[in-house]
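**Student:** Listed below, chain by chain, are the residues.
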Amino acid sequence: MAENRVFDIAVSPHVGSSQNTRRIMWDVVIALTPALIAAFWFFGPRAIMLVAASVGAAVLTEWLCLKFMKRPVNFAFDGSAVVTGLLLAYNVPAGVPWWLPVVGSAFAIAVAKQAFGGLGHNIVNPALLGRAFLVASFPVLMTAGWIAPMQWKDGERIDVQACGVPTAHLMESGELDALSGATPLNALKQTFSWEGEPERSEEVRAMLFSKESIKNLFMGRIGGCIGETSVIMLFLGAIYLILRGVLELRLPLSYLGSVALFGWLFGGQGWFDGNPLFHLLAGGVILGGFFMVTDMVTTPVTKKGRIIFGIGAGLLTMVIRRWGGYPEGCSYSILLMNLGTPLIDRYTKPLSFGEVKKNG
Amino acid sequence: MGEIFKVGFMLMLVAVIAAVALGYVNSITSPIIAEQKEQAKLDAMIDVAGSLAMGELSFDSLSIPELENPYAEVDETLAVVSVTDSTGNELGYLFIAYGKGYSSTIQTMVAVNSTGTVTGTTVLYQQETPGLGANVSNPDKFLYQFDGRIASQFLLKKDGGGDEGLDSITGSTITSRAVTNSVRGGLDALLEAGIITLEGGAQ
Amino acid sequence: MINSMLMWVIVAAPDGGEPSFSIAKMMAIIVSAIFINNYVLSRFLGICPFLGVSKQLDSAVGMGAAVVFVMVLATLGSWLVYHNLLAPHGMEYLRTITFIIIIASLVQLVEMILQKFSPALYDALGIFLPLITTNCAILGVAVLNIDDKFSLGYSLINSVAAGIGFTLALVLMAGLRERMETANVPEALKGLPLAFLIAGAMSIAFLGFAGLGG
Amino acid sequence: MSLAQDFSRGIMKENPVFKQALGMCPFLAVTTSVENALGMGAAATFVLVFSNFLVSLFRKVIPAKVRIPSYIVIIATFVTLVDLLMNAYLPALHSSLGIFIPLIVVNCIILGRAEGFANKNKVLPSIVDGIGMGLGFTLAMVIMATFRELLGNGSWLGFNLLGEAYQNQPLLIAILAPGAFILMAFILGFFNIMEKRKRGGAK
Amino acid sequence: MSKVKSFAGGTHPPGNKGLSSGAAIVRLPAPGVVTVPLCQHLGAPSKPVVKPGDEVKKGSVIGEQNGFISLPTHSPVNGKVLRVENAPMPHMRSGPAVVIKTESEDGGEVYEPIANWENADIPAIINRVKEAGVCGMGGASFPTYVKLSPPKGVKIDTLIINGVECEPYLTADHRLMLERTDDLITGMKILARVLGVSDPCIGIEVNKPDAIELLEKKGVRVVRLKVQYPQGAEKQLIYAAVGREVPAGGLPLNVGVVVQNVGTCVAVADAVCKGMPSLRRITTVSGLGVNSPGNFEVCVGTPVSDLIAAAGGYSGDVERLISGGPMMGMAMFTDAAPVTKGTSGILAMSPEEVRDVEEGPCIHCGKCVDVCPLNLVPCAIATASEFAMWEDAEKAGALNCMACGTCSYVCPAGRYLVHYIKRAQNEVRALIRAREA
Ligand SMILES: Cc1cc2nc3c(=O)[nH]c(=O)nc-3n(C[C@H](O)[C@H](O)[C@H](O)COP(=O)(O)O)c2cc1C
Ligand SMILES: Cc1cc2nc3c(=O)[nH]c(=O)nc-3n(C[C@H](O)[C@H](O)[C@H](O)COP(=O)(O)O)c2cc1C
Ligand SMILES: Cc1cc2nc3c(=O)[nH]c(=O)nc-3n(C[C@H](O)[C@H](O)[C@H](O)COP(=O)(O)O)c2cc1C
Ligand SMILES: Cc1cc2nc3c(=O)[nH]c(=O)nc-3n(C[C@H](O)[C@H](O)[C@H](O)CO)c2cc1C
Ligand code: SF4
Ligand code: SF4
Ligand code: SF4
Ligand code: SF4
Ligand code: FES
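Protein chains in written order, with our numbering: chain A, 1 to 360; chain B, 1 to 203; chain C, 1 to 214; chain D, 1 to 203; chain E, 1 to 437.
Some hints could be false.
No more than 25 Å apart at the CA atoms, straight line, and that leaves these computed lysine-lysine pairs for DSS-like [claimed, not checked]:
(1) 37/B / 189/A
(2) 100/B / 149/C
(3) 19/D / 55/C
(4) 217/E / 304/A
(5) 190/C / 65/D
(6) 70/A / 196/D
(7) 55/C / 196/D
(8) 116/C / 65/D
(9) 67/A / 198/D
Keep in mind that the hints were calculated from the coordinates and are not lab data.
My request is simple: use the sequences and hints to build the entire structure.
**Tutor:** Here's what the structure looks like:
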């Protein structure tokens, strides 16, 4: 009889799916690259420089924090810091100095992530907290650092209106100045404050909601943060993530649906006269909807909870766009909903199989 | 019963002593506080009206019944103060403009001469964002553009003021607009009431 | 005597304040007190209970309810006394001392009444009531209502909204702290520092409400 | 216990802010500048010393039943005193400390010392304890304010330390509400480490 | 063709059944020495009634029933007792066993066959199932006679035979359905008669079309089931087949259902019709770590190493040796452990097959929540368990978990969710016991 062999023991199950955290994170990095190409196309090499600075700072900060806390430093290369660095850079205007995303990334990783215990333990989205930190600290840079997207015509670079509306008309009427350097949402916000001039307000809004404008929004031929402008490239990334099984669609769909609904409901001056498509495509909603609302660490785990989260974030986005102090509400809406995530999880815990709702 | 009485008495005693002591201190400080508030206002007025003429100035508040106050939601009456020199010559007027800014109602004191030209401005109160709107308090950032303008020239470039319009503070259009429009509103009211006229002044 | 009593009740708007009531202003007060100038996250009022009673959700809800309740009573009492007793007689300087006495006695009174007539509610709120006397948010709302020249109606609205804002912050905080109990927080930041860190994150997020309705 | 111990206790070992987490609201609210911190510190110290003094003086006279109400009245009296005096003589500081002056009444450091120390000790130690605690509170606020003013405004006690370039683009958040919370987290974290080191060393 | 049914949740791991599904069952003779465990069923181990040196006959009782939820144990061979000792076990580190030196496998003591079971006394049939030591062959090895004697007042109206075999790799039940079809049908009929059920059915996943076809041809009602793990779990099977939800913490009998494994049916048929005690079972030997995977009918007590040898021996590197399937099976530290009545498979897994992720922190992705067939929030229970927050674990429903492993399977962070949850279950049970005491 053969010698009996001895084996290592381990807990069940002994097989597992091919998903792992590292792979998911790098998949997100891959999915974010098309938008980077668009950024290079529209904003020039400067955009790449800012993104590189941001990602470098994020990974370095992660490494330093882990080292300082005497934790395994290989976690710094699991890709999550890269995602945070990328998304932070995607959330700043292209005209800011290089140190701005560096400071933002360092804050995002050191304070918003590692101080809370690192990957998986943070309560709010690090990239977005980093962005909010930058807005509060350097408001001038963060609200005035827009640069207009570049366009090529007959082989030559021409500047177009950053707000993405057809420009000739505006130049003639002398209103061009009124919207200079703005983004579409900035332009929209301004129309809300021209209460005394309903016609002018209405006219500019009609231009913003026009087909031409929507087309520009879709392609990314508008002013905005580095990674948020080109909807089509973001879609490409999102499709990749869906194919790889990384994205669960409850969050993005409920968020986008809610933005569209409330955008139509009160995204114009009055009721029911907003343009849902404009509100979906402008600003950070697409970037946020596929890449930030979906940050699993800071969003609910239950199915119902994810839907509630998406609807709430969509509502807050539109409330801030319409009545708030900022032209865009995407990032704050996600941060605010992040605060409620534990409560949402708690109150949407599913009834387990075979359990009946208790009366009363 | 006696116990409660004693306890109540003690507490009352403490309160009475406290009230008396405070009343005494208050009697000393209240005139100082009032005076110092008055002085602060006076300083501001002198500061702004100093642009009207050199030398000793005196201030007299006007009550103008027919004047419609554009700031009715903040103050019942538009307080206009006439400025005279030591010999009693009427030099111009002071008024306070109220404009709803980003996060506060900004109070701007404006000196205007009798031909409707603004000669001095200062911000009395604002609670705008530090680093953004709060820069209105810094004369070099915004208010320096105000002197020498008449009512119709108070418009931001952004709001259709054209090349002649006012530059807004970087990143603080709302604050800039609030101050600009409130000053224009005050000037318009004075014009309408006939207190100032544009004859011979800047076009 | 009776006449002057009636007068007291009638005086419900401060000198120079608006006597009329507008829905827009009411909404502005509510939004400001709950979101923009949240008492805890932006004004730093009521930090102690915010840190002390936010470890568990159940007690956070209880504390929030108690604070709303006492805030309204304190506003009612202090407003009436200030505008009917102190201000008419030039005794504004006794404001602080009267308000704190009013609040302390109110808390005592509420405690006694509750204990007698609704022991269940007393059990639910009882432990929080004494904590509330030394809570800046209560005295703060009473004083700010005077400083902002609110009429009695606006003052009451403001106090309810402030209380709701406080409760909102407290409840969110409790949820987040419960979650953080199982987090791998750096040794140095465990305990109170972490609570401040969470409050900081909340406070940044609440900046998103800045300028709302403005 | 010696007077020196009574004095130093509040500054380091039992620092009301860093070691006991008391007086948090005014601490966070007024530390936007070193000047405010010093002003608030002085005001609180004044109230602490005098209320400790009176409470200790009358500790045998005041019946136990009305102890707390009496303390509150005593404290409120001194708070009002400070309020009036500051308003009269330091109006600028008074307006920037704002509502937090009347709120000294509910500052638990003060009630805590009255109830926890002055109530049980002779007059002199109580005064010294009040000074120590007051200084400890002030010191803590100055430390915090140093960080906040320097980072958020580039200056210290109004003196520009970090240069024009920094002041044009400071880390504004440090003087906003979130900055207070986050800095406090790290300061307390620092004390946590120190404490652990010390305890580790003693072992 | 009837509709394919299923339950909510679950996952679909690669089946890998092709390795052994084509291999017909091979009957292995008893090895030279058998190590018969006394703890093969759920409940109390049986009490040994032999001592070293005793001669035993095949089928003679060597351990007697020891309580209500317990069974007698029989000797699978004629031979001589060598030792009564604690030996390594597949499902625990070690347990009591009787070691017997085999002399032969012929004849032996069998019970009187109940040939006319259609008319026989029902208690007599139940008693036979009990004295033959039949326990569930599908998973928990629960004494079958207990399930056949529902408490007074409970009406059983449905009998579902579990032919699902949802665990990857395992093909023993599949082969059994193909090769012992008639015994299976007989067993099913006996069980139906005992329980008073008129129309029993058998649930089979659609990845076994040959079994479905064969059984349908023989007139058995088959419920086609979607290939989805854990389709074979009792509650999921009942839900899929008859749409009833077994209450949390409850038993199938609470909804009038009894579920029995196909192997159990055959064991019942053998015990009743042939008087044969439960001495052998069919088990799959598979995995890339053995040379020729297959299905074997073996004596309980056969060492695992013999089974491996029968399957061609180890092929190269073996990372892990598993008793049962890869999802719920136990890793064994030695192949000296014997086969029990519950050993549905032996897997020798090569390093490529075994999942190898470093455990990271939970990233709250919610995948575990999405797949849990019992609608639990596994990450929350596991975290509570990790931090010894037992009350929280209890509130989160730790006790409801059936340890199916679906959550761990999908977790991208490689969290040992089942492990944490099982620990929580032990602690919570202790907590409840303490509370009740
Ligand atoms: C935290 C924060 C504070 C702000 N504070 C002010 C302010 O005090 N005054 C102001 O006009 N705009 C302020 N804004 C900016 C407005 O939201 C808006 O972006 C700006 O008025 C656009 O004007 P611009 O065209 O000059 O950039 C603030 C923005 C943020 C994010
Ligand atoms: C303590 C206990 C008591 C049980 N009692 C009964 C019973 O009275 N009737 C019955 O049909 N099944 C009973 N069962 C068996 C279960 O229904 C189930 O078939 C058994 O746990 C094996 O299930 P598994 O293989 O899915 O794990 C009992 C199980 C346990 C653990
Ligand atoms: C996750 C899980 C999966 C299971 N899969 C099967 C299966 O595929 N086939 C089976 O017969 N029993 C399976 N079982 C066991 C059954 O739940 C149940 O215990 C058994 O069918 C009862 O029959 P028995 O007592 O005859 O073994 C599974 C149990 C669990 C917990
Ligand atoms: C789909 C997806 C979206 C993500 N979104 C973000 C994000 O918005 N911000 C961020 O800092 N990290 C994001 N991450 C990375 C990671 O979750 C993040 O670093 C953790 O929040 C850190 O604990 C994302 C990861 C995935 C898989
Ligand atoms: S008493 Fe007041 S100051 Fe002191 S800690 Fe409590 S709330 Fe803060
Ligand atoms: S665990 Fe085994 S017995 Fe149970 S269903 Fe899966 S394969 Fe079948
Ligand atoms: S929690 Fe339990 S029942 Fe749910 S998937 Fe995990 S092991 Fe299965
Ligand atoms: S699957 Fe794993 S990582 Fe995802 S929530 Fe569950 S335990 Fe956490
Ligand atoms: S200091 Fe305690 S509540 Fe403000």
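**Student:** Would you mind marking each hint as holding or not holding in the structure?
**Tutor:** So, going through the hints one by one against the coordinates:
no., hint, in the structure
1, 37/B / 189/A, "violated, 40 Å"
2, 100/B / 149/C, "holds, 18 Å"
3, 19/D / 55/C, "holds, 20 Å"
4, 217/E / 304/A, "violated, 45 Å"
5, 190/C / 65/D, "violated, 40 Å"
6, 70/A / 196/D, "holds, 16 Å"
7, 55/C / 196/D, "holds, 24 Å"
8, 116/C / 65/D, "holds, 21 Å"
9, 67/A / 198/D, "holds, 23 Å"
Figure legend: structure checked against the earlier numbered hints; hints not met, in rising order: 1, 4, 5.
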